[in-house]
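**Q** Residue strings, one per chain:
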Amino acid sequence: MSLTINHLVIAPILLPLAAAALMVPLTERQRMLKAAIGVTSALASLAIALVLLHFADSKPPSATASTSVYLMADWPAPFGIVLVVDRLSALMLTLASVVVFAGLVYSIARWHSVGPHFHSLVQFLLAGLNGVFLTGDLFNLFVFFEVMLAASYGLALYGSGAPRVKAALQYIAINLAASALFLVGVSLIYGVTGTLNMADLAARAPFLPESDRMLFESGAAILGIAFLVKAGMWPLGFWLANTYSVVAAPVAAIFSIMTKVGIYVILRLWLMIFGADGGASADFGTGWLLAGGIATVAFGSIGLLAAQDLPRLTSYCVVVSSGTLLAAIAVGNAGVTGGALFYLVSSTLAISACFLLIELIERSRMPGADVLAVTLEALGDEETEQDSGDPIGIAIPATMAVLGIGFAACTLLLAGLPPLTGFIAKFLMLNALFLPGGAPDGVPPAALSWTLLAVLLSSGFAIMISMMRAGIRVFWIPIESEVPSVRFLEMVPIVLLLFICAALTVQAGPVTRYMQDTAQSLHTPQTYVRDVLSEPRVTPPSPKAEEAAQ
Amino acid sequence: MELILALSIGALASSGVWLILRSRTYQVLIGLSLLSYAVNLFIFAMGRVRTEAPPILKPGVSGTLANYTDPLPQALVLTAIVITFAMTALFLVVALAARGLTRNDHVDGRES
Chain Y
127 MSLTINHLVI APILLPLAAA ALMVPLTERQ RMLKAAIGVT SALASLAIAL
177 VLLHFADSKP PSATASTSVY LMADWPAPFG IVLVVDRLSA LMLTLASVVV
227 FAGLVYSIAR WHSVGPHFHS LVQFLLAGLN GVFLTGDLFN LFVFFEVMLA
277 ASYGLALYGS GAPRVKAALQ YIAINLAASA LFLVGVSLIY GVTGTLNMAD
327 LAARAPFLPE SDRMLFESGA AILGIAFLVK AGMWPLGFWL ANTYSVVAAP
377 VAAIFSIMTK VGIYVILRLW LMIFGADGGA SADFGTGWLL AGGIATVAFG
427 SIGLLAAQDL PRLTSYCVVV SSGTLLAAIA VGNAGVTGGA LFYLVSSTLA
477 ISACFLLIEL IERSRMPGAD VLAVTLEALG DEETEQDSGD PIGIAIPATM
527 AVLGIGFAAC TLLLAGLPPL TGFIAKFLML NALFLPGGAP DGVPPAALSW
577 TLLAVLLSSG FAIMISMMRA GIRVFWIPIE SEVPSVRFLE MVPIVLLLFI
627 CAALTVQAGP VTRYMQDTAQ SLHTPQTYVR DVLSEPRVTP PSPKAEEAAQ
Chain S
-3 MELILALSIG ALASSGVWLI LRSRTYQVLI GLSLLSYAVN LFIFAMGRVR
47 TEAPPILKPG VSGTLANYTD PLPQALVLTA IVITFAMTAL FLVVALAARG
97 LTRNDHVDGR ES
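As given, the protein sequences belong to chains Y and S, one line each in that order.
In terms of the working numbering, the first sequence has 554 at position 428, counting the first letter as 1, and numbering is strictly consecutive.
In terms of the working numbering, the second sequence has 50 at position 54, counting the first letter as 1, and numbering is strictly consecutive.
Derived from the structure by calculation, the hints contain no laboratory data.
Where hints are given, some of them may not hold.
Said to hold, decoys possible - Have a look at the derived ranges for each label pair, beta carbon to beta carbon:
no.	chain 1	residue 1	chain 2	residue 2	range
1	S	Ala49	Y	Ala406	48 to 54 Å
2	Y	Leu431	S	Ala82	23 to 29 Å
3	Y	Val177	S	Lys54	44 to 50 Å
4	Y	Val240	S	Ser19	26 to 32 Å
5	S	Pro51	Y	Asn557	51 to 57 Å
6	S	Glu(-2)	Y	Val240	52 to 58 Å
7	S	Ala82	Y	Ile591	42 to 48 Å
8	S	Ala82	Y	Leu341	27 to 33 Å
9	Y	Ser344	S	Glu(-2)	35 to 41 Å
10	Y	Pro523	S	Ser19	28 to 34 Å
11	Y	Val240	S	Leu3	47 to 53 Å
12	Y	Pro335	S	Ala49	21 to 27 Å
13	S	Leu61	Y	Ala628	26 to 32 Å
14	Y	Pro662	S	His102	56 to 62 Å
Claimed, not checked - With the Cβ distance kept under 7 Å, some of the chain Y side facing chain S (calculated, not the full set):
no.	residue
15	Ile300
16	Leu309
17	Ser313
18	Tyr316
19	Gly401
20	Glu488
Glycine included, each C-beta is placed from N, C-alpha and C at the ideal position.
Using the sequences and the accompanying hints, generate a full structural model.
**A** See below:
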């Protein structure tokens, strides 16, 4: 079994790459064929991710070999590049495949015919994302980051038009500068520790000589800035709302996972290298992450309240979600991290659904209708009250009703209200914050808990106010009532994403258990390090003997 | 020699950063290129600056770093050069497209 699983580990990277390469020579006339290949590849990637998820979950978190390590070209761990599947990577792989699948299905109805090579770009993006989640090597992480970013530049420009090109120009400039920082950080760390393997790095970091520690920490901080730019932390995240609010809807839906890439790397590297076993560097940067996270939530909430159109509003939801995650991770308590992981999944799905939904809603409205509505609201203009003599209102058309229900579900998910997953996730975080059961050494000071409580709840409140205001404006006060033409295929991915959230709510018990196990293994990285460094080579003459030995 | 290398990396990086902060797309582009040169030299320098030490194994010389220079940063630089070159080319295309669509080369698309 371990042999097949071992080779499945590299499949999530190879499969989309092969699909993308296959699609490049096809002409745009064969668009449906491309779409079929793309959807098949995304589905296969999802299936593989689910198998890996099941595999990663089959062992208890503290057991040895709870991770599956793939040695590329059969070089042993610190020398070659390794791919590692553990609970966190399997979870992120699944999430990426789901979001990409939803975006692809949505695009088939309309968007994929707007410009060339949409499907190839999406597959390259998926390959890059999967690579980032799987790799256990710092420089390989850079390469997959660039694969992902290169595809995302193409997708950000997709559909063209002055606003998109302008936003993409800034997006590309910022990401190129961040990549330069990434390289500086990686090479500083290599210069000090002499390794690029993440597990090896975690093993060596506590034993660095004092004279090198400052260089190491500055390297890590520079590297961290590169990831925080991606995650959209407050002073580094001004590009986010500008870009996300103008890109094409399916692209924005897929991009909802891209900010989580930064979060993923922070979760992985920061907890592994600067966790409790970090020696003299333990907890390096905690204060920065926490303050940055809280500032990001505050910035996002203000942006939400000020946002005048739906795409911008949803983009600020992305900012809030990033900030919440950063602050929760910085607490450094396994229970809070578990809740944060649940929140990560739930908010990614909800934001993705929301981006798809608002494009359908916007379709029926005049450009500028939002600004008009805000002006009306501000001036207190009462003239919009039409046919007040008629006691029987106009029935809401079925399409609008479905869209409205979807919008309400997104609001509940993002604001963290019961009964959906957003609430459960926030509850888990707050519960672990105040009742850290079984981990007395990780008890955060009370002031911190209260601050985070206030931040989480007030950000949820800001999301609720702004989304309710937008919802009322869109669904109840139609400035010109034209029902948008919505194809069945465009509703499918939205319903699917929201259905997954509902399913996660119903299955909250097992899901929570999985998230807590993930958090537990992230906070005790020794097993990960040992698994990676002790992975035996698959010697070609006798693979059977290897298997028997395990 | 270390001093010259450090000074040139610093000069490249600081001019690069200054140019990135300018408002014309072409200046930003040149700034990003300069910054990437600085980064590439920096990666190279992280393998330690040494002369007369080859990065590939020679027969009869024991394979420790005392006799060789670290080959890994050189491989990393190669990858980084290729990637940044491709990205800079892409940025140039986008800058040209923005120039065509907005009729000026300000990064915000409008003079102010």
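**Q** All the hints need checking, so say for each whether the structure fits it.
**A** Here is how each hint holds up against the structure:
Roughly 32 Å separates the CB atoms of Ala49 (chain S) and Ala406 (chain Y), a value that falls outside the hinted 48 to 54 Å. Between Leu431 (chain Y) and Ala82 (chain S) the CB atoms are about 41 Å apart, so this pair departs from the stated range of 23 to 29 Å. For Val177 (chain Y) and Lys54 (chain S), the Cβ-Cβ distance of about 47 Å falls inside the hinted range of 44 to 50 Å, so the restraint holds. Checked against the given bound of 26 to 32 Å, the beta carbons of Val240 (chain Y) and Ser19 (chain S), roughly 31 Å apart, stay inside it.
Checked against the hint of 51 to 57 Å, the C-beta distance between Pro51 (chain S) and Asn557 (chain Y) comes to roughly 55 Å, which is consistent with it. The hinted range of 52 to 58 Å is satisfied by Glu(-2) (chain S) and Val240 (chain Y), whose Cβ atoms lie roughly 53 Å apart. For the pair Ala82 (chain S) and Ile591 (chain Y), the beta carbons lie near 44 Å from each other, so the given range of 42 to 48 Å is met. In this structure, Ala82 (chain S) and Leu341 (chain Y) meet the distance hint of 27 to 33 Å, their C-beta atoms being roughly 30 Å apart.
Take Ser344 (chain Y) and Glu(-2) (chain S): their Cβ atoms lie about 18 Å apart, and the range 35 to 41 Å is violated. Between Pro523 (chain Y) and Ser19 (chain S) the beta carbon distance is about 48 Å. The supplied range of 28 to 34 Å is therefore violated. Between Val240 (chain Y) and Leu3 (chain S) the C-beta distance comes to about 50 Å, which sits within the given range of 47 to 53 Å. Separated by about 23 Å at the C-beta atoms, Pro335 (chain Y) and Ala49 (chain S) satisfy the suggested range of 21 to 27 Å.
Taking the beta carbon of each, Leu61 (chain S) and Ala628 (chain Y) are about 58 Å apart, not inside 26 to 32 Å as hinted. For the pair Pro662 (chain Y) and His102 (chain S), the supplied restraint of 56 to 62 Å holds, since their beta-carbon distance comes to about 58 Å. Here the hint on Ile300 (chain Y) is broken, as its CB sits about 10 Å from the closest CB of chain S, past 7 Å. Given the 7 Å rule on beta carbons, the hint for Leu309 (chain Y) holds: about 5 Å separates it from the nearest Cβ of chain S.
A distance limit of 7 Å between C-beta atoms decides the matter here; for Ser313 (chain Y) the minimum to chain S is near 4 Å, and the interface restraint holds. A cut of 7 Å between beta carbons decides the hint on Tyr316 (chain Y): the least distance to chain S is about 6 Å, and the hint holds. Hint status for Gly401 (chain Y) relative to chain S: violated, with the closest Cβ pair at about 25 Å, above 7 Å. Using the Cβ-Cβ criterion of 7 Å, the hint placing Glu488 (chain Y) at the interface with chain S is not satisfied: the shortest such distance is roughly 22 Å.
Going through the hint list in order, the structure does not satisfy hints 1, 2, 9, 10, 13, 15, 19, 20.
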